[in-house]
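A.B. asks: Sequence:
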Amino acid sequence: MEKVSLLVSTGNLGDNIIEEGSFYEGVKRQIDCFAADAGTADAGPTFLGADMPHNPIEWEEHDLELLLVESRKRNVPMIVGSCSTTGTDSAVDRYADIIRRLAKKHGLEPFKMALIYSQVSKEELQRRLKDIEPLEAPYELTEEVLNETTNVTASMGIEQIVHALEEGADVILAGRACDDAVLAAYPIYKGFPKGISLHMGKAAECASLVCWPQMVKESIIATVTKEYFSIEPMHPAQRATPHSVAAHSMYERTNPFVQGVPGGILDMHESEYVAETDRITRVYGSKFVPSPDGTYKVKLEGAGEVGYRVYHLVGIRDTRAIANIDQILVDTRKKVSQIIGPHRDGDYELYFHVYGKNAIMKDFEPQERITSHELAVVIEAISKDQELATSVAKCAKFRFFYMSYPGQMNSSGGSVALLTDEPLYPKNKCYKWTVDHLLRLDDPLDDKIFRFSFETVRGR
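The sequence shown begins at 1 in full-length UniProt numbering and counts up by one.
A hint or two may mislead.
[Unchecked claim] Listed next, the in silico DSSO-like pairs over lysine-lysine satisfying Cα-Cα at most 27 Å (straight line):
#  : residue 1 : residue 2
1  : Lys448    : Lys362
2  : Lys334    : Lys190
3  : Lys3      : Lys287
4  : Lys384    : Lys334
5  : Lys130    : Lys448
6  : Lys105    : Lys28
7  : Lys287    : Lys226
8  : Lys28     : Lys3
9  : Lys3      : Lys73
10 : Lys112    : Lys448
11 : Lys287    : Lys335
12 : Lys122    : Lys394
13 : Lys384    : Lys427
14 : Lys73     : Lys112
15 : Lys122    : Lys112
16 : Lys73     : Lys122
17 : Lys130    : Lys432
18 : Lys362    : Lys394
19 : Lys28     : Lys190
Hints listed in this document are in silico derivations from the structure and should not be mistaken for laboratory results.
Model the full assembly from the supplied sequences, consistent with the hints where possible.
C.D. replies: Below, the structure written as structure tokens:
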């Protein structure tokens, strides 16, 4: 083959739906593979910790139906990675059930489906602690940390997906996977250069977000050859420019020219971005560099339960109160400790998120002077005890009605407004990231970490 072309229609399958116009424009072309990433850690640790889906099942069904029906029409592979956001075993099974139903709905001819599971038991990780090192976590993985963790996944690379392709899978539903691997696996399976394929996966993982102007859920075609890869948007108003493709290649990286992958790195130092047309960009020169010591490491992601979380929302319009907000927060925290009891300070966490000041960037906010005419203070209380979390949040909210500050001209309550006096309870408990580490494997297909299930799906 001189080239392979992938249709990429979403950077997070099921998180809102694929736009059908550009999708059907894309399927008019010669497509060799349909690939989509369905996962993200951006949604926070709750969905992994609680092992629950992030997206409505109707949205997931919509996207999977488009990919399944069109890939089966052409008898080409369909690959989905990080099923249902988290890539847990139950998430893979959730997608598998959808695929089986859709096959019946459309009366599809029999096809081979591969399920790749990547959830790892804590007992297995305890046996391998000597093979685990920190990635972004500022601590070693210990038995104590694992005891605080509810669920852990391992992020597969291209090797596990390529194995499923080698076994003849038509539809591949993978657990947690590196975003780029979901797209890069097919061209690598077909013999195209690993560096070019991985860079294509990195650039195209979010579909139309690699193009300009920014649009979401629009389809693109990513083509891989022996010398380069190219990106072409299917929406007529979008363009893939050297600037847009380079920008997306470099985002979310500490080093914009290097991306770690299982078994090595993607080296983009010599990558060259060239306009093929005013809407298509080619990229040359990307390389895969194997690990110097030949090791193969996969990322582990884990989350654990913290407790219950309760919110109150307080609005502040008084300019004098706004000018003194930092001291008001200090005074409020002290008063909460006094009322709840200093002996209970370690039983809860209390946070103030001040929108209009620094709620987004916190200590990294470069603007010191508040220019907003009003502030929204989100009070967040966390505790393993639901009643204590509620009391802490309510107490903090109450103190805002009786705050004291220089230049104050009103009596009690005159400086604040409430959206509602009721506390706001999230549906689920509060979780935190507990595992962000690397696990060394002697074999990428280690069956204690990655498990395969193959079945024939019959739609008629």
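A.B. asks: Against this structure, judge whether each hint is valid.
C.D. replies: Each hint, compared with the structure:
For the given pair, Lys448 sits about 41 Å from Lys362 by alpha-carbon distance, which is inconsistent with the 27 Å threshold. A hinted pair counts as satisfied when its Cα atoms are at most 27 Å apart, and Lys334 with Lys190 does not qualify at roughly 64 Å. Distance hint between Lys3 and Lys287 is fulfilled; the C-alpha atoms sit about 18 Å from each other, no more than 27 Å. For a cut-off of 27 Å, the pair hint linking Lys384 to Lys334 stands: about 21 Å separates their Cα positions.
A threshold of 27 Å between alpha carbons decides the hint, and for Lys130 with Lys448 the separation of about 16 Å falls inside it, so the pair holds. The straight-line distance between the Cα atoms of Lys105 and Lys28 is roughly 23 Å, inside the 27 Å bound, and the hint therefore holds. In summary, the hint linking Lys287 to Lys226 is supported, as the alpha carbons are separated by about 12 Å, within the 27 Å threshold. Distance hint between Lys28 and Lys3 is fulfilled; the C-alpha atoms sit about 17 Å from each other, no more than 27 Å.
For a cut-off of 27 Å, the pair hint linking Lys3 to Lys73 stands: about 21 Å separates their Cα positions. Between Lys112 and Lys448 the CA atoms are separated by roughly 23 Å; this keeps the pair inside 27 Å, and the hint holds. Simply put, Lys287 and Lys335 have alpha-carbon atoms about 58 Å apart, too far for the 27 Å limit, and the pair is violated. A C-alpha spacing of about 37 Å is found between Lys122 and Lys394, which places the hinted pair above 27 Å, so the restraint is violated.
Among the hinted pairs, Lys384 with Lys427 is consistent with the structure: their alpha-carbon atoms are about 15 Å apart, no more than 27 Å. For the hint linking Lys73 to Lys112, the alpha-carbon distance of about 14 Å falls within 27 Å, and the restraint holds. Of the supplied pair hints, the one linking Lys122 and Lys112 is violated, its CA atoms being roughly 31 Å apart against a limit of 27 Å. Using a Cα cut-off of 27 Å, the hinted pair Lys73 and Lys122 is violated, with the two alpha carbons roughly 42 Å apart.
Distance restraint check for Lys130 and Lys432: the Cα-Cα separation of roughly 24 Å lies within the 27 Å cut-off, and the hinted pair is therefore satisfied. With a C-alpha separation of about 23 Å, the suggested pair Lys362 and Lys394 falls inside the 27 Å cut-off, and the hint holds. Distance check on the hinted pair: Lys28 and Lys190 sit about 22 Å apart at the alpha-carbon level, within 27 Å; holds.
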